[in-house]
Amino acid sequence: MTRAILTKKKLVLSNAHRFISITNLSRCISTLILAEHESGSIKAQTVSTVVAANHLGESSSVSLLLAGSGSSLQEAASQAASCHPSVSEVLVADSDRFEYPLAEPWAKLVDFVRQQRDYSHILASSSSFGKNILPRVAALLDVSPVTDVVKILGSNEFIRPIYAGNALCRVRYTGAGPCVLTIRTTSFPVTPITESKKATISQIDLSKFKEDAVSRSRYVGQSTQDTERPDLGSARVVITGGRALKSVENFKMIEKLAEKLGGAVGATRAAVDAGYVPNDLQVGQTGKIVAPELYMAFGVSGAIQHLAGIKDSKVIVAVNKDADAPIFQVADYGLVGDLFEVIPELLEKLPEKK
Amino acid sequence: MKILVAVKRVVDYAVKIRVKPDKTGVDTQNVKMSMNPFCEIALEEALRIKEAGFAKEVVAVSIGPSQCVDTLRTGLAMGADRGIHVEASYSFLPLTIAKILKSLADVENPGLIFLGKQAIDDDCNQTGQMVAALLGWPQATFASKVVVLDKDKQSATVDREVDEGLETLSVDLPAVITTDLRLNQPRYATLPNIMKAKSKPIKKMTLEDLKVDIKSDIEIVEVTEPPKRKSGVIVSSVDELIYKLKNEAHVV
Numbered sequence: 001m002t003r004a005i006l007t008k009k010k011l012v013l014s015n016a017h018r019f020i021s022i023t024n025l026s027r028c029i030s031t032l033i034l035a036e037h038e039s040g041s042i043k044a045q046t047v048s049t050v051v052a053a054n055h056l057g058e059s060s061s062v063s064l065l066l067a068g069s070g071s072s073l074q075e076a077a078s079q080a081a082s083c084h085p086s087v088s089e090v091l092v093a094d095s096d097r098f099e100y101p102l103a104e105p106w107a108k109l110v111d112f113v114r115q116q117r118d119y120s121h122i123l124a125s126s127s128s129f130g131k132n133i134l135p136r137v138a139a140l141l142d143v144s145p146v147t148d149v150v151k152i153l154g155s156n157e158f159i160r161p162i163y164a165g166n167a168l169c170r171v172r173y174t175g176a177g178p179c180v181l182t183i184r185t186t187s188f189p190v191t192p193i194t195e196s197k198k199a200t201i202s203q204i205d206l207s208k209f210k211e212d213a214v215s216r217s218r219y220v221g222q223s224t225q226d227t228e229r230p231d232l233g234s235a236r237v238v239i240t241g242g243r244a245l246k247s248v249e250n251f252k253m254i255e256k257l258a259e260k261l262g263g264a265v266g267a268t269r270a271a272v273d274a275g276y277v278p279n280d281l282q283v284g285q286t287g288k289i290v291a292p293e294l295y296m297a298f299g300v301s302g303a304i305q306h307l308a309g310i311k312d313s314k315v316i317v318a319v320n321k322d323a324d325a326p327i328f329q330v331a332d333y334g335l336v337g338d339l340f341e342v343i344p345e346l347l348e349k350l351p352e353k354k
Numbered sequence: 001m002k003i004l005v006a007v008k009r010v011v012d013y014a015v016k017i018r019v020k021p022d023k024t025g026v027d028t029q030n031v032k033m034s035m036n037p038f039c040e041i042a043l044e045e046a047l048r049i050k051e052a053g054f055a056k057e058v059v060a061v062s063i064g065p066s067q068c069v070d071t072l073r074t075g076l077a078m079g080a081d082r083g084i085h086v087e088a089s090y091s092f093l094p095l096t097i098a099k100i101l102k103s104l105a106d107v108e109n110p111g112l113i114f115l116g117k118q119a120i121d122d123d124c125n126q127t128g129q130m131v132a133a134l135l136g137w138p139q140a141t142f143a144s145k146v147v148v149l150d151k152d153k154q155s156a157t158v159d160r161e162v163d164e165g166l167e168t169l170s171v172d173l174p175a176v177i178t179t180d181l182r183l184n185q186p187r188y189a190t191l192p193n194i195m196k197a198k199s200k201p202i203k204k205m206t207l208e209d210l211k212v213d214i215k216s217d218i219e220i221v222e223v224t225e226p227p228k229r230k231s232g233v234i235v236s237s238v239d240e241l242i243y244k245l246k247n248e249a250h251v252v
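In order, the protein sequence lines correspond to chains A and B. The numbering used here puts the first residue of the first sequence at 1, with every later residue one more than the last. The numbering used here puts the first residue of the second sequence at 1, with every later residue one more than the last.
Mixed in with the good hints there might be a few duds.
[What the hints assert, rightly or not] Taking CB as the label site, the calculated pair distances span:
no., chain 1, residue 1, chain 2, residue 2, range
1, B, P226, A, D231, 43 to 53 Å
2, B, Q67, A, S71, 52 to 62 Å
3, B, P226, A, S88, 29 to 39 Å
4, A, D273, B, P226, 25 to 35 Å
5, B, Q185, A, Q116, 45 to 55 Å
[Claimed, not checked] Anything over 10 Å on all C-beta distances counts as not near chain A; from chain B, calculated:
no., residue
6, M1
7, D81
8, R82
9, D122
10, T127
11, E208
12, G232
It is worth saying that the hints were derived from the structure and are not from the lab. Please read all numbers here as calculations on a predicted model, not as lab measurements. Cβ coordinates follow ideal geometry from the N, Cα and C atoms, glycine included.
With the rest of the complex left out, here is chain B (with noise of 0.2 Å):
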């Protein structure tokens, strides 16, 4: 079985972000980039499954400018097979990501698809969902711990944080599993391995070769700052807090 993992360039987490003084989006320039944390899970994830002897192939997907060579050679270190560069000079919407995806699908014919649950840079937890209606295949997002392979029935067992609590669900493979944050520690990529990865292949593809349309039905109009909190003040006690959330705060 071959596992598709999708992994996107994304603005640092620990990055305080600033907004573009023309509100057209956030500033970018001269900013650490990273391979989405979500987006690692997915692939260290996709790995074990490897390791396990349930996947022969991984292969590291990333979509946008040239820079998400990078991103792959990053997966290619920690360990996937090979990767591909779709092209893309811009952000596209994710209903575009996911149609790219699912021609790729197409073509590389998976047996699973791992995505990061959501971007850090647009919190959308979209991709995941669509790409699995686009094939028409069942889905399991926001997994956590353990996602268990059965060879024979060709299904996942998959654990997954719903706002209740854990839910575990049984899916039919092919399926998109998007991963939440305590599914896996990711790996760091040993020097050997990033040696051994430049020499792995990336395929560059475009929009046309995959015969994929952009959807643009979203416009930004602009992107601001939120209001900002008034400022606090430190208390000397507890005595001194109880009084001003009694007297002050009105909430006690």
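This is chain A alone, in the form it adopts within the complex (with noise of 0.2 Å):
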């Protein structure tokens, strides 16, 4: 039977006969979520794809899978388990060869680590890490993921954003083996967790993983910011600034609104490009994805390509010279005006952040 069958007859049975155990007729949900820490702590977005987990359906067990190396790695593992009550079960791999996320060894970890046990269900964030291991690891399942997931209707049928989120698509996955899934973490939110509990941590032996010793990829080096600034991913507040800033000095002004406001700044790709900010900065179809309580966009015309990053925010905010500006048909409060002059008013007469 396929697995659409099996879980419709799931649900009409479990209405009828809440405590009749039925797991001789349908497969028991098993995720396998690839975690992302730093630090010694898991990343947000690992905790969002846990709240995404609990949807695929009932008698979940989800287990985090963890890689890296030493001490701040078992940190890691030790703070996540206890990141969500519905962690079951931490699995830590420990090697120099995890130091890194580079794709290759670390997609063979997953195939190396689902061979060992029948998972249904592998999931990771939308983020750059997910976006670059997990179709790789669908691959060498043999199975089509299914990325960017907004919303999820049962165990196989999800909805995912196409043409730059101006049409949602609603796919059913029908193969045999396990569900690939990305997550957009936007789309679940983490509410305070008030019960705790902690899972079990174990250490995946490694002796018998083998890597590919001839084709290889190697970690040169990054350039990161180092900012106190929220992460733009998850801040309440983002502010944004476009191409009208004309140079980095102007920009400074965005942050300093983004720093009375606690808010996290944003660029459009034009901004970027511009050499203004650097490159994670950017929000929108090809950038990062936000969804906070507000989004305030400076001198931006609100390109087709930057409103997909920004759609399920709150509250939106434009202040644009052009008053034919497209941003200001997404807007919920617009302003014609020049930035330059409105961005040292606010400043003046804003409240301090909440």
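Assembling the complex is the task here: the two chains are given apart, and the hints tell you how they should meet.
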């Protein structure tokens, strides 16, 4: 029987006979989540992915897979074990091979772990980490993944955005292998955890883990911004500047406003291309997807590709000199004016952050 | 070294798409189609590597209906040496596309395969990674800045755009690279090159030729429009904006 039919049967039966065990009719949902961690703790997007896993269905078991090396990995594992009550198990792969998130060894690791346990679902967040690794995993397993899932309708039915979010595609996974998903974490917010539960932590035996010695990739380095500003993907407030800011110096106005409101700084592709800010601030179809309570866009025209990244914001404010700018069509509050006058006035008159 | 570049024909990035009333998909009839912007960037990078003397030939490949030949001709006009059109009467899932590209790689033996990081229609961002997995090659996705080839050591250094900023990897060749927006500015095809392109060869191939089985493990149930936002208001002053944000929206 295909999984689609099994799931339907389970739904019909469970409504009438809640306590009858039907595990011999339907396959238990057992999820493996490829976790992200940094400096000894689990990243927020991994916890969102756990929340998403809960939507897959009843009798879910969630295992977090953490890879890396050394003490910060073990610390992260300990923290992961109580990051969410749904987590039943933390699997730890401790090896120099996983010091950096290279797709080749990590994808092989997921396959290695999967071979030892029959997971029905394999998940990761659709961060650059998840997007890089999970499709490779799917191909190794010969299954089609579903990427950037914004809604889970059941164990094998999902909604994902297409055409820069201008259309939503509802898909059904009908394969026999594990269902591989990446999750758009802004669609699965984490509510404060009241229940405290500690999952078991197991060290994975890597003695039989073989990696291709021949064709390899090597980590050389990275350049990241060290900032105290909140993370763009999870900030409550995001202040974005477009090319109209005209310079790196002027962009500091955006930073000041973000600081005043306790928010993160975002940018359009044009602003990044022009060199006003680094690439990790880019919001849009191929940059970061944000869903803050308040999104303020200054000097942003509102191209389709930028709007793709902000549509789920609760309140959108736009300030632009051009009354015909497309951004005004999506803004809840629009102000036609010169941002070089508006921002100083806002800085002066806005109350301090909540 | 040969470079294989996969290019996809998609709805032009500036088009405002419309969902079909029967919810089976997006309306692509009488709509402007173009080479996927990321694929243009991929092709441009391949051409630059060839012009720098690190590759002998750039081969463009497109998978789809007969109109893909137009996309290939654009690629040839940009400078690709020859094209391959794999006929497909409907849209395949990325996994099938990856298997086709793997089959082609087995025949053509490229040192590099370039793809755009994602197609702007399905926004999947999967194919490059899958091709790399099927071939057992390393992958460098979301490439930005400069791709430098070390001819002797047979490797490439790639800067990648990641959530935290930029990451630099060194990959052994052969490898798969997917391109991000800032990698380069694709060239325009000049009229003389468009004319020259007409005589460059485009080979037609089928799935049978490549011995690829179609993978159909995902069904499209329906395509809908996203919920519309409530229309907003234009405020006339900063004071009014702050008032509304405070008392109406309660966000400050």
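Structure-based check of each hint:
1. Roughly 25 Å separates the CB atoms of P226(B) and D231(A), a value that falls outside the hinted 43 to 53 Å.
2. At about 57 Å, the beta-carbon gap between Q67(B) and S71(A) stays in the expected band of 52 to 62 Å.
3. Taken as a hint, the range 29 to 39 Å holds for the pair P226(B) and S88(A), whose Cβ atoms sit roughly 34 Å apart.
4. The hint said 25 to 35 Å for the Cβ distance between D273(A) and P226(B), and at roughly 27 Å that hint holds.
5. As the Cβ distance of Q185(B) to Q116(A) is approximately 48 Å, the hint placing it in 45 to 55 Å holds.
6. Every CB of chain A lies more than 10 Å from the CB of M1(B), the least distance being 15 Å, so the non-interface label holds.
7. With a least CB separation of 26 Å from chain A, D81(B) remains clear of the 10 Å interface cut-off, as annotated.
8. Under the 10 Å C-beta cut-off, the non-interface status given to R82(B) relative to chain A holds; the minimum distance is some 26 Å.
9. Remark: the non-interface label on D122(B) conflicts with the geometry, its nearest Cβ contact in chain A lying 5 Å away (cut-off 10 Å).
10. Not every Cβ of chain A is farther than 10 Å from the Cβ of T127(B); the closest lies at roughly 8 Å, contradicting the non-interface assignment.
11. For E208(B), the requirement that its beta carbon stay farther than 10 Å from each beta carbon of chain A is met, with the minimum near 20 Å.
12. The claim that G232(B) is not at the interface with chain A is violated, since a C-beta of that chain comes within 10 Å of its own (minimum 4 Å).
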